[in-house]
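Trainee: Protein chains in written order, with my numbering: chain A, 252 to 509; chain B, 252 to 509.
Hints should not be assumed to be uniformly reliable.
Pairs involving identical chains hold if they fit within one copy or between any two copies, as the list cannot separate such chains.
In the DSSO-like style, the derived pairs of lysine-lysine whose C-alpha atoms are separated by at most 27 Å in a straight line are [what the hints assert, rightly or not]:
{"#": "1", "residue 1": "Lys-319", "residue 2": "Lys-508"}
{"#": "2", "residue 1": "Lys-257", "residue 2": "Lys-340"}
{"#": "3", "residue 1": "Lys-273", "residue 2": "Lys-285"}
{"#": "4", "residue 1": "Lys-254", "residue 2": "Lys-300"}
{"#": "5", "residue 1": "Lys-350", "residue 2": "Lys-380"}
{"#": "6", "residue 1": "Lys-319", "residue 2": "Lys-338"}
{"#": "7", "residue 1": "Lys-300", "residue 2": "Lys-383"}
{"#": "8", "residue 1": "Lys-380", "residue 2": "Lys-300"}
{"#": "9", "residue 1": "Lys-257", "residue 2": "Lys-508"}
{"#": "10", "residue 1": "Lys-300", "residue 2": "Lys-484"}
It is worth saying that the hints were derived from the structure and are not from the lab.
There are 2 protein chains.
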Amino acid sequence: MTKAYKGYLIDLDGTMYRGSEKIPEAIEFVKELKQQEIPYLFVTNNSTKPPSDVAKHLREMDVPADEKHVFTTSMATATYISQIKNKAKVCMVGEEGLKLALLEEGHELVEEGADIVVMGLDRQITYEKLAKAALNIRAGATFIATNGDVALPTERGLVPGAGSLISVLSVSTGVTPTFIGKPEAVIVEQALDVMGLTHKETIMVGDNYHTDILAGIRTQMDTLLVYTGVSTKEQVATYDESPTFEIDSLSEWNIVKS
Amino acid sequence: MTKAYKGYLIDLDGTMYRGSEKIPEAIEFVKELKQQEIPYLFVTNNSTKPPSDVAKHLREMDVPADEKHVFTTSMATATYISQIKNKAKVCMVGEEGLKLALLEEGHELVEEGADIVVMGLDRQITYEKLAKAALNIRAGATFIATNGDVALPTERGLVPGAGSLISVLSVSTGVTPTFIGKPEAVIVEQALDVMGLTHKETIMVGDNYHTDILAGIRTQMDTLLVYTGVSTKEQVATYDESPTFEIDSLSEWNIVKS
Numbered sequence: 252m253t254k255a256y257k258g259y260l261i262d263l264d265g266t267m268y269r270g271s272e273k274i275p276e277a278i279e280f281v282k283e284l285k286q287q288e289i290p291y292l293f294v295t296n297n298s299t300k301p302p303s304d305v306a307k308h309l310r311e312m313d314v315p316a317d318e319k320h321v322f323t324t325s326m327a328t329a330t331y332i333s334q335i336k337n338k339a340k341v342c343m344v345g346e347e348g349l350k351l352a353l354l355e356e357g358h359e360l361v362e363e364g365a366d367i368v369v370m371g372l373d374r375q376i377t378y379e380k381l382a383k384a385a386l387n388i389r390a391g392a393t394f395i396a397t398n399g400d401v402a403l404p405t406e407r408g409l410v411p412g413a414g415s416l417i418s419v420l421s422v423s424t425g426v427t428p429t430f431i432g433k434p435e436a437v438i439v440e441q442a443l444d445v446m447g448l449t450h451k452e453t454i455m456v457g458d459n460y461h462t463d464i465l466a467g468i469r470t471q472m473d474t475l476l477v478y479t480g481v482s483t484k485e486q487v488a489t490y491d492e493s494p495t496f497e498i499d500s501l502s503e504w505n506i507v508k509s
Numbered sequence: 252m253t254k255a256y257k258g259y260l261i262d263l264d265g266t267m268y269r270g271s272e273k274i275p276e277a278i279e280f281v282k283e284l285k286q287q288e289i290p291y292l293f294v295t296n297n298s299t300k301p302p303s304d305v306a307k308h309l310r311e312m313d314v315p316a317d318e319k320h321v322f323t324t325s326m327a328t329a330t331y332i333s334q335i336k337n338k339a340k341v342c343m344v345g346e347e348g349l350k351l352a353l354l355e356e357g358h359e360l361v362e363e364g365a366d367i368v369v370m371g372l373d374r375q376i377t378y379e380k381l382a383k384a385a386l387n388i389r390a391g392a393t394f395i396a397t398n399g400d401v402a403l404p405t406e407r408g409l410v411p412g413a414g415s416l417i418s419v420l421s422v423s424t425g426v427t428p429t430f431i432g433k434p435e436a437v438i439v440e441q442a443l444d445v446m447g448l449t450h451k452e453t454i455m456v457g458d459n460y461h462t463d464i465l466a467g468i469r470t471q472m473d474t475l476l477v478y479t480g481v482s483t484k485e486q487v488a489t490y491d492e493s494p495t496f497e498i499d500s501l502s503e504w505n506i507v508k509s
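Full structure from sequences and hints, please.
Mentor: Below, the structure is given as structure tokens:
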């Protein structure tokens, strides 16, 4: 199966690896992109790690990647905030990846008087962080969320994801946040900007219909669903809009330069 | 305004006091109940304190009260769990009041293999507590919540209440809990059992239409809304079902023995 594209947006967990398990066909797929000098960008809803850490993890999995190949929802969120207000005062609930992305974009982290409340996954969550964020939202701060994933796959099972923690603030204040990560178009449009390509020149590759593929569909891109992760053929067959391409393994995809 | 009742169920915050501020008419109201030897029971959605602490706080506010005058949503929750399973294995997320109520009822606190996951307000919330609770719910434990209040009034403003913290688990697992506190009938029916009175012999007194009054309505009790707290006449005028009685202050209510 093939079609020529100038660039690839690629999901990580379930597509490039499964937790700590390698997916050899995915590694070969990226090596071939690199070989043919076709641009690729990993687009992830993981807000907790800076891109250098994500790239390091990929290299440990034998995937050719450096920092410039990684675009996280934290980076997209920091950029989105700049479009609302340059050097904004931000009340943040999240981990290192979100913090660094906000600071690199020139925003200021505050506890009171925030222009923006932004929340992502925070495994060091405290009641006080939630209380401060809620008070800032009630005082009129714009509420933004890195991503809506309600569950996080771990070796223990599915534990609460960013989207479920974020519901504390939305339920308590009655304010629904603007979500940035997949399946929203925001993160994909920014990723295309980073690559300098249009949605017609690029394809979105991922294992999760409800995040990766929907994000591609909403951006009017072609999409490639690989059945190595979350979504199953049985599920996808019941959905209104199909991915452009569906394959069992990335080895089935012949990379052709546009 | 008056009607004779054999017993009174009475709300606390907004009805007996406002935060640390006394409401003198409410104090006199309870003193008169005591004088006339009419049974009264304070029914509270506060799951964090044991009844002895609640009674101590009331006495400090000059309200005649001891432990037997207090019925908390934690006590109602512990009793409700016994109706599902005697001496249940319970994974708990909550504070001291909930913990003590569960232990007094003979339940066992566990981290894995729970029959029941119960959650209330927990201002020492951690991600690990939420993760364990979510894993127990996904493994089939019955999910129960002390109360659904989404916001908690404090001197800083409205901060997240039990209901918003609980949404982490409901959003993440897709399982909606059984709520016990007002406006549910469960807590009121149990309070009537504690008093040994029927719903026709008893009146529910409170300041909040959406919790106190609705709980009374759902239990087919008479209800007395006192406008010293959350609800306003303008709001209540728009609701389908009115309280039985509405007054500006408890001094307007003449207590008559049934």
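Trainee: Looking at the structure, which of the earlier hints fail to hold?
Mentor: 2, 4, 10
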